[in-house]
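Visitor: Here's the letter readout for the chains.
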Amino acid sequence: MTPVTKPLDIGHGVGLRREHFERVLAAPTRVDWFEVISENFMVDGGRPLDILMRVRRDYPVVMHGVSLSIGSTDPLDMDYLDRLRRLADRVEAAWVSDHLCWTGVGGRNAHDLLPMPYSEEALEHVVSRVLRVQEKLGRRIALENPSSYLTFAASSISESEFLAAVAERADCGILLDVNNVYVSSVNHRIDPVAYMDKIPRDRVWQFHLAGHSDHGKYLLDTHDHPVPDPVWDLYRHAVGRFGTVPTLVEWDARIPAWEVLEAESLQARSLRDKVVAEKLQDQANGAS
Amino acid sequence: MTRGEQGSGSDSPDLRRIQELFWALIAAPQGVRPGMAELRASGQMAAGDLSFMIRGDDRLAPEDRLDVYANMYFYRLRDSLAEDFPKVAAIIGGASFHNLITDYLLAHPSRHWSLRYLGVPFAAFLASHDLSRSFPFLADLARLEWARIEMFDAADAEVLTREAAAAAGPDLHLALVPATTLLPLEWNVAPIWRRLEHAASHDDGGGSNSAAVTGDAQEEFAAPLSVDRPEQQKTSILVWRQGFAVYHRTLPPTESHCLELALRDGVSLPDLCEILMGGEAGPDTQVAMQTVAGLLGRWLQDGLVVKPGFGSS
Numbered sequence: 002m003t004p005v006t007k008p009l010d011i012g013h014g015v016g017l018r019r020e021h022f023e024r025v026l027a028a029p030t031r032v033d034w035f036e037v038i039s040e041n042f043m044v045d046g047g048r049p050l051d052i053l054m055r056v057r058r059d060y061p062v063v064m065h066g067v068s069l070s071i072g073s074t075d076p077l078d079m080d081y082l083d084r085l086r087r088l089a090d091r092v093e094a095a096w097v098s099d100h101l102c103w104t105g106v107g108g109r110n111a112h113d114l115l116p117m118p119y120s121e122e123a124l125e126h127v128v129s130r131v132l133r134v135q136e137k138l139g140r141r142i143a144l145e146n147p148s149s150y151l152t153f154a155a156s157s158i159s160e161s162e163f164l165a166a167v168a169e170r171a172d173c174g175i176l177l178d179v180n181n182v183y184v185s186s187v188n189h190r191i192d193p194v195a196y197m198d199k200i201p202r203d204r205v206w207q208f209h210l211a212g213h214s215d216h217g218k219y220l221l222d223t224h225d226h227p228v229p230d231p232v233w234d235l236y237r238h239a240v241g242r243f244g245t246v247p248t249l250v251e252w253d254a255r256i257p258a259w260e261v262l263e264a265e266s267l268q269a270r271s272l273r274d275k276v277v278a279e280k281l282q283d284q285a286n287g288a289s
Numbered sequence: 589m590t591r592g593e594q595g596s597g598s599d600s601p602d603l604r605r606i607q608e609l610f611w612a613l614i615a616a617p618q619g620v621r622p623g624m625a626e627l628r629a630s631g632q633m634a635a636g637d638l639s640f641m642i643r644g645d646d647r648l649a650p651e652d653r654l655d656v657y658a659n660m661y662f663y664r665l666r667d668s669l670a671e672d673f674p675k676v677a678a679i680i681g682g683a684s685f686h687n688l689i690t691d692y693l694l695a696h697p698s699r700h701w702s703l704r705y706l707g708v709p710f711a712a713f714l715a716s717h718d719l720s721r722s723f724p725f726l727a728d729l730a731r732l733e734w735a736r737i738e739m740f741d742a743a744d745a746e747v748l749t750r751e752a753a754a755a756a757g758p759d760l761h762l763a764l765v766p767a768t769t770l771l772p773l774e775w776n777v778a779p780i781w782r783r784l785e786h787a788a789s790h791d792d793g794g795g796s797n798s799a800a801v802t803g804d805a806q807e808e809f810a811a812p813l814s815v816d817r818p819e820q821q822k823t824s825i826l827v828w829r830q831g832f833a834v835y836h837r838t839l840p841p842t843e844s845h846c847l848e849l850a851l852r853d854g855v856s857l858p859d860l861c862e863i864l865m866g867g868e869a870g871p872d873t874q875v876a877m878q879t880v881a882g883l884l885g886r887w888l889q890d891g892l893v894v895k896p897g898f899g900s901s
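Order-wise, the sequence lines are chains D and A. If you want our numbering, it's the position in the first sequence, counting the first as 1, plus 1. If you want our numbering, it's the position in the second sequence, counting the first as 1, plus 588.
A couple of the hints might just be wrong.
Unchecked claim - Only pairs whose alpha carbons sit at most 20 Å apart, straight line, appear in this in silico SDA-like list of lysine to any residue:
1. K7(D) / R242(D)
2. K895(A) / G47(D)
3. K822(A) / F723(A)
4. K218(D) / R647(A)
5. K895(A) / G46(D)
6. K895(A) / D45(D)
7. K822(A) / R837(A)
8. K218(D) / F713(A)
9. K218(D) / R621(A)
10. K218(D) / E651(A)
11. K7(D) / I200(D)
12. K275(D) / G241(D)
13. K199(D) / S186(D)
14. K895(A) / L851(A)
15. K218(D) / N659(A)
16. K218(D) / R643(A)
17. K218(D) / A649(A)
18. K822(A) / S844(A)
19. K275(D) / D234(D)
20. K218(D) / D859(A)
21. K137(D) / R86(D)
22. K280(D) / D203(D)
23. K218(D) / I191(D)
24. K218(D) / D652(A)
25. K895(A) / L857(A)
26. K822(A) / E848(A)
27. K218(D) / D646(A)
28. K895(A) / D859(A)
29. K218(D) / Q878(A)
As the list claims (entries may be wrong) - Looking from chain D toward chain A, a few residues come up when the C-beta cut is under 8 Å (computed):
30. M43
31. V44
32. D45
33. T74
34. D78
35. R109
36. H126
37. L151
38. A155
39. W233
Keep in mind that the hints were calculated from the coordinates and are not lab data. Since the model is a prediction, treat every value here as computed from it, not as a measurement. Backbone N, C-alpha and C fix where the C-beta goes; we use that ideal spot for every residue, glycine too.
Take the sequences, apply the hints, and build the full model.
Guide: Printed below as a string of structure tokens:
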């Protein structure tokens, strides 16, 4: 396993979606890298796989999965892990991530990111599985905080404490989804800044930014809107706390024209540069 | 997520029980509360609300919070199947498709890590579903839609060119590319597939999949499309991928028979001639050779024949 704790800062990326395949291959873009949903490319052949390999010639590729089901009480799916590893090796993935969640039980799959109780029992369970997954994949993975719509009576610690403990005990990375922090903070009336401040600085490998929908009594993580202002504000805090971490804009439904998505990524870059410059200025002022 | 009233966890169900109950309730076809009533009736759940497992607040009760997941579960899977079987959905209309998928997911919940395989038993399920009484050709249409999905991401292969085939001469052993399949159907669904494809490509397609993640109760269902019933006629359809495009065409019986043999174990050109001459009213050698040459020309043009030795190293 590689001894690197944190991957290199590869800049600003976006999700590779089929609506943009032709544009991305036709001419250079202003994004630095692409993230793919791993499962969409864990197939035998055909166009998507071919596109991915062509994109990989020009850009780093990060693999983001949705089927690891790290929190399930079902056994780990070895066929899945074999195929995941083959794809990761083939595209030389910059890193591989999935979610702190479970997706099914009793052999059935909801294909959704279902929430975990944050209990000591669940913590031990997840840590032992992350260790086995990393062994099987021959690399560390990063786990993302999901958006959630409920909390369990069995939870004895907060989600951010749980995620931090998993990362420390299993020696894995964290994909901090800033939009998910915001969505969950509204849904559970928690302080999103306090949430982030519980996440260890050196464990965050990547940020996600995205939009969501307001359903009145709760926010739903839909990835079908531009990044809204409260999420940009939280991103400022994230950059202030975690520094220059590779950042991805996710947009999965009502997918806009390429230029709109690219502009969203450029906005993230300029906001980050601004926060970093302000921080340097503050340090310079403090030193003088 | 620090809260005033943190649960001690001591009275809570363990992780396995939480996940099993969570699953039973999000997959319950009528929603979380009716699902709870059923579990209580069968003695699998004690009386009372879900607060022993899920915290509620002044905005949403525990059951309402779980309902968010129940909606996402159903709508994601339904919309994925609607993408896989758009023509079946168009014929029966949105409301019937919705109910069909409710039945389908009860019988065939996803058991694969990839959503890609959710539709594997769909055509067979449809064949035994009540809907097939009104639409007896529907299962065959589903078979065609599914075969096209299967071919879309089937393994790549290097295709035999005309020049290489000519150079190989009569010794050529024919094997077909992996992205090839033959569908024996009871109904001639190719014309209806084409009409629906034409209709869909002239539709602006606006507003699709917007209900996917919202589970919007106000959703308007598409009306059924009125179409002429296809002919009940044994039909063999070849579905294949050439480059990255998926095609299908209806086969004459002779070609279907020859391709079936080529698909099974591969076949040589002289073997094909002999097979053609085998029937009682079989053609003579000359005609059989011409027929085989014609078939081979078409197969090469369609990119169906794999380059010998490909993938065997």
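Visitor: Each hint should be assessed against the structure and marked as holding or not.
Guide: Here is how each hint holds up against the structure:
no., hint, verdict
1, K7(D) / R242(D), "holds, 15 Å"
2, K895(A) / G47(D), "holds, 17 Å"
3, K822(A) / F723(A), "holds, 17 Å"
4, K218(D) / R647(A), "holds, 6 Å"
5, K895(A) / G46(D), "holds, 17 Å"
6, K895(A) / D45(D), "holds, 18 Å"
7, K822(A) / R837(A), "holds, 14 Å"
8, K218(D) / F713(A), "violated, 38 Å"
9, K218(D) / R621(A), "holds, 19 Å"
10, K218(D) / E651(A), "holds, 14 Å"
11, K7(D) / I200(D), "holds, 14 Å"
12, K275(D) / G241(D), "holds, 10 Å"
13, K199(D) / S186(D), "holds, 14 Å"
14, K895(A) / L851(A), "holds, 14 Å"
15, K218(D) / N659(A), "holds, 15 Å"
16, K218(D) / R643(A), "holds, 15 Å"
17, K218(D) / A649(A), "holds, 11 Å"
18, K822(A) / S844(A), "holds, 12 Å"
19, K275(D) / D234(D), "holds, 13 Å"
20, K218(D) / D859(A), "violated, 71 Å"
21, K137(D) / R86(D), "holds, 8 Å"
22, K280(D) / D203(D), "holds, 18 Å"
23, K218(D) / I191(D), "holds, 15 Å"
24, K218(D) / D652(A), "holds, 10 Å"
25, K895(A) / L857(A), "holds, 15 Å"
26, K822(A) / E848(A), "holds, 15 Å"
27, K218(D) / D646(A), "holds, 10 Å"
28, K895(A) / D859(A), "holds, 19 Å"
29, K218(D) / Q878(A), "violated, 73 Å"
30, M43, "holds, 7 Å"
31, V44, "holds, 4 Å"
32, D45, "holds, 4 Å"
33, T74, "holds, 4 Å"
34, D78, "holds, 6 Å"
35, R109, "holds, 4 Å"
36, H126, "holds, 6 Å"
37, L151, "holds, 4 Å"
38, A155, "holds, 4 Å"
39, W233, "violated, 22 Å"
Of the numbered hints given earlier, the model fails hints 8, 20, 29, 39; all others are met.
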